[in-house]
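**Q** Now for the letters of each chain:
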Amino acid sequence: MTLLWRRPTTLDGAIEELASDDAAIYAGGVSLVLLMNLGLFEPATLVSLAAVPGLAAVTGDDEAVDLGAMCTHARLAADPILRRTHPAAADMFAGIGNVRVRSWGTLGGNLAHADPAQDPPVMLAALHGTVSVVGPRGDRVIPVEAIAEGPLSPALDPDEIVTSVRLPLAEERSGSSYLKYLPGTKDDYATVSIGAHLQFDRAGAVRQARLVAGAVGPTVVVLGAGSEVLTGHPLDPDVLDALRVAVRDEVNPSSDRRGSADYKREMAGIVAARAASACRPASARP
Amino acid sequence: MGGVDVDPAWPSIALTVNGRRHEVSVPADRRLAGLLRDDLGLTGTKLGCEVGVCGTCTVLVDGLPTSSCLTLAVQVDGASVLTVEGLAAFPELAELGRAFVEEGGFQCGFCTSGQLVAIAGLMLEQRLSSMTSEAVTEHLHGNLCRCTGYYGIQRAIDRARR
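As you go down the protein sequences, you meet chains R and V in turn. Residue numbering for the first sequence follows my numbering, starting at 1 and increasing by one per position. Residue numbering for the second sequence follows my numbering, starting at 287 and increasing by one per position.
Source of the hints: derived by calculation from the structure; they are not laboratory data. Don't take each hint at face value.
As the list claims (entries may be wrong) - FRET-style restraints, in silico, Cβ to Cβ: (1) V:Ala421 / R:Glu172: 32 to 40 Å; (2) R:Gly135 / V:Glu381: 47 to 55 Å; (3) V:Cys335 / R:Gly135: 34 to 42 Å; (4) R:Ala261 / V:Val337: 22 to 30 Å; (5) R:Ala51 / V:Ser415: 34 to 42 Å; (6) R:Asn37 / V:Gly395: 36 to 44 Å; (7) R:Gly13 / V:Gly395: 43 to 51 Å; (8) V:His308 / R:Ala51: 14 to 22 Å; (9) V:Cys335 / R:Pro237: 37 to 45 Å.
The beta carbon of each residue, even a glycine, is placed where N, CA and C say it ideally should be.
The following block holds chain R by itself, in its conformation from the complex:
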């Protein structure tokens, strides 16, 4: 099949091009060309977003920071606004894959790839991120954790385009962290990863907790039970151990070459406890 390349210069133009059969959005190319190289994906038309203006900015206001979908991981890792508002997210972007992936891989492409072992959806869901999507039937906003229906199955129509991710500014006395467990190589997909965002009260007890796990299910998983265990308690060793057990019992991974299901369950609990511990605001650390 002969592949066609389209390079629209407006968002509406891109939506129109995506109406043709087997058309796919081309952002940075790293995941998409990888799937093409493996013979897993054979698009008829690629619609590049590179010439569509306004998709690669980072902007902030009093309530949130907006990350353009065409921002590369390297760009976000170094962005001065994101580094100030959400340093754990900037660190997460700095640790994705390898330097070449970060050069070209984009935020929107990463989320639309819908791989539950990727880093951004885990951290950004923990930070209460929402995704802005445009399409021929109108615009919509969905939570980051809802962008995937299953592995490599985004909850998007083929002619819908992710335009940005909005992260609300962190509350007072809150902290965030992202930890991935990489028993193999540093650029491997995580065996399990945890994004955590905790808000504390003045006494140092957890007021609200949000924990999200990656690579232990068909999509990223918001850990309801895990978050509940923390609420109302300081992060003492007993509470962290209860968190470990709750997360272990809540996730449902499958066995693969990165570990057995039991092993991943155990490690999910341990990584969750470490991630929660790393959320302590600087003033509350011993």
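Assemble chain V onto chain R, guided by the hints.
**A** Frame of chain R; chain V shown alone:
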């Protein structure tokens, strides 16, 4: 390029490779590695895993380390590409190649062009000498070598850093 893509199956692109400008039409699915090796005859760029992991096909696109196996040629329209063949034009890199030879930075040599380009990228941005050795290792962890155990490469980098 601006408006001259008359054939979406064979887009026309213009790019600079190692300082030399090329205007070519390529099939839309041509990878950058294929453009360099097959169309332009620059076979110093090697293809290894073809899934972006091994780093053997690393080139610089506008200074960015890039897996040329995961990049479509049409994607780099208008860009400036530097491959291993272009490194000799930079006098500040002369010591890097020598260091690889003298410190045993390779055995079979298959990964070497990717290693050199990845390190050269840091040197051309004048970052190598100011980076911690941990940061250098972090930058290069995506360039695999199955011969040297990385010791010779590490020694060569240490020498080039001085």
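**Q** Give a verdict on every hint.
**A** Hint check results:
no.: 1; hint: V:Ala421 / R:Glu172: 32 to 40 Å; verdict: 33 Å, holds
no.: 2; hint: R:Gly135 / V:Glu381: 47 to 55 Å; verdict: 54 Å, holds
no.: 3; hint: V:Cys335 / R:Gly135: 34 to 42 Å; verdict: 35 Å, holds
no.: 4; hint: R:Ala261 / V:Val337: 22 to 30 Å; verdict: 25 Å, holds
no.: 5; hint: R:Ala51 / V:Ser415: 34 to 42 Å; verdict: 37 Å, holds
no.: 6; hint: R:Asn37 / V:Gly395: 36 to 44 Å; verdict: 24 Å, violated
no.: 7; hint: R:Gly13 / V:Gly395: 43 to 51 Å; verdict: 46 Å, holds
no.: 8; hint: V:His308 / R:Ala51: 14 to 22 Å; verdict: 21 Å, holds
no.: 9; hint: V:Cys335 / R:Pro237: 37 to 45 Å; verdict: 44 Å, holds
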